[in-house]
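Participant: Chain residues, written in single-letter form:
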Amino acid sequence: MTGEWGIYIVLYFWLAAMGGGAFLIALGLRDDRAKRSGAFLAFIGIVIGALLLVVDLGQPARFWHLLAGFHPISVMWLGSAVLALSGLGLFLMLILREWPDWLVWVTAILVLLVVGYTGVLLMATARPFWSASPLMPWIFLASAYTSGAALLVLLGNREPGLHRIAFNFALIEIVLVAAHLIWTYPAAQQQVQAALTGELAWAFWGFVLLGVALPLYMEAQRKAAALSALLVLAGGFLLRYFIVYAGQVGVLRF
Amino acid sequence: MPKANDYAILFDASHCTGCRACQVACKQWNDLPGEATVNTGSYENPPSLSADTWLRMKYTEGVVSDEVFWDFTRDACMHCSSAACVEACPTGAVNYREGGVVTVDQDWCIGCRNCVQACPYDAIHYDEHKGVVEKCTLCYDRVSNGLQPACVTSCPTGALHSGSYADMKQLAETRLAQLKEAGYKDANIYGLAEMGGTHVLYVLLKHPSTYGLPVGTVTEKKKVASGWLSAGIAAAVLGYAGVHWVAERREQVGGERR
Ligand code: SF4
Ligand code: SF4
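Heads up: the sequence lines are chains A and B, in that order. Numbering follows UniProt numbering, in which position 66 of the first sequence is assigned residue number 66; successive positions increment by one, without gaps. Numbering follows UniProt numbering, in which position 95 of the second sequence is assigned residue number 95; successive positions increment by one, without gaps.
Treat the hints as calculated values from the structure; they're not laboratory data. Yeah, the Cβ is synthetic: ideal placement off N, Cα and C, and Gly gets one too. Careful, some of the hints might be misleading.
Okay, the calculated beta carbon distance ranges per label pair [said to hold, decoys possible]:
hint, chain 1, residue 1, chain 2, residue 2, range
1, A, Gly198, B, Thr17, 34 to 40 Å
2, B, Gly41, A, Ala213, 22 to 28 Å
3, B, Glu61, A, Lys223, 56 to 62 Å
4, B, Trp70, A, Gly198, 29 to 35 Å
Given these sequences and hints, build the entire structure.
Facilitator: Shown next as structure tokens:
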């Protein structure tokens, strides 16, 4: 399968969303240790994600042109800028013992932008599967919260609200994905079919069944929280995998 | 909107015979290698533009109730006035040059491919060996020295013209009037409104969509604005829900413990 954007982009989307989601959710908890581990997870996700992005460039050594170009209308430029700034904010949070309020707020907004801009980036393309519905940012944000909560659960956080968040956002996510497929179908038949029954069906159905349905069932039964959290994280990867690749189905390369 | 004195190309589909002289001339002038392709049962070749093919003729062919149709359109960068590639590029490497021409500065391009995803004409491509993108330059090296683009000089039927935007638009309108008079009631000019007005204009005999040309194109600026709007609403709605659920659950648990 050929595509302009491939596995590095998928991994970056996934890592940034997992770490960023964990951070944003941890900020809503009353537990300071959770907040700190959230900041750590987001920092790791963003640093590794940024490295993947640089490696994926055709000219990695010129990565600094990204920011030097100063071009805010470009979602790619703005995304890179908030990525760099959020990395800085998170780094400050990790080295400071006491967090000033402004730092928490600014970093939270930057991380929210990092998680959200990826959806805007895809919407602002000429690929109908990404751009024919306005739901891409919704899906990515909902999935960031699901995965973020799952990551915190997996790392042993006992906050009861986490399960609730993961459960509800997983439900929202699956509804949004279904709505997106129906919405884009008239403009992107070939791509929707590739996801439902074609070359990407394994990723799509893997996401639906293993990444959402099974964890939801296990959650309802209150069984094996860690395993279900792990499945949710894998589902977050599969979701981004089929979205990134399906968007580029039908782009002829020979 | 293109300015009156901008460089422009006019492609007149009613004169084109699909001989592909322009396609070859482009390869020769720009030193581009041939493509290894397979026969798919059409004279159209290659099947899409690429980093090594900046211009090709697109064949729209088939049979409708025993009538064969075989139509040719130019497939290359349109040199948009509100170019999606330029607006999507984070570095400013692909940009407007003098006379409205859109070209890539290959010493500044980082190979992120955002422009490739953004172009509604699939006219800009990533060169894996060079790690940067490539596209039609409207023969900037020629036109800025008073020559015509290579494709235009090679056209044997007079389907390609080049000159100032005002002249090309005028020529297109004259030809359109002739065609209408000759009974081609669906004849039209393509490129006047698309992407802020393109520097390559087409005179077509049929509706643009019959040739697979995008109609109702949305500029990158508008797409970006609606993207951020949607993301903003999503962040507010989903954020509110998340905060609400955590708080609610906390109260429930607190109540149970009490
Ligand atoms: S046709 Fe595509 S590559 Fe050419 S200027 Fe327009 S957006 Fe850019
Ligand atoms: S690939 Fe090059 S020209 Fe295209 S958007 Fe990226 S930096 Fe700009």
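Participant: Taking the hints in turn, state whether each one holds.
Facilitator: Here is how each hint holds up against the structure:
Taking the beta carbon of each, A/Gly198 and B/Thr17 are about 38 Å apart, inside 34 to 40 Å as hinted. As the Cβ distance of B/Gly41 to A/Ala213 is approximately 44 Å, the hint placing it in 22 to 28 Å is violated. Hint check: B/Glu61 to A/Lys223, Cβ distance near 60 Å, so the stated range 56 to 62 Å holds. Between B/Trp70 and A/Gly198 the beta carbon distance is about 31 Å. The supplied range of 29 to 35 Å therefore holds.
The structure fails hint 2 only (numbered hints given earlier).
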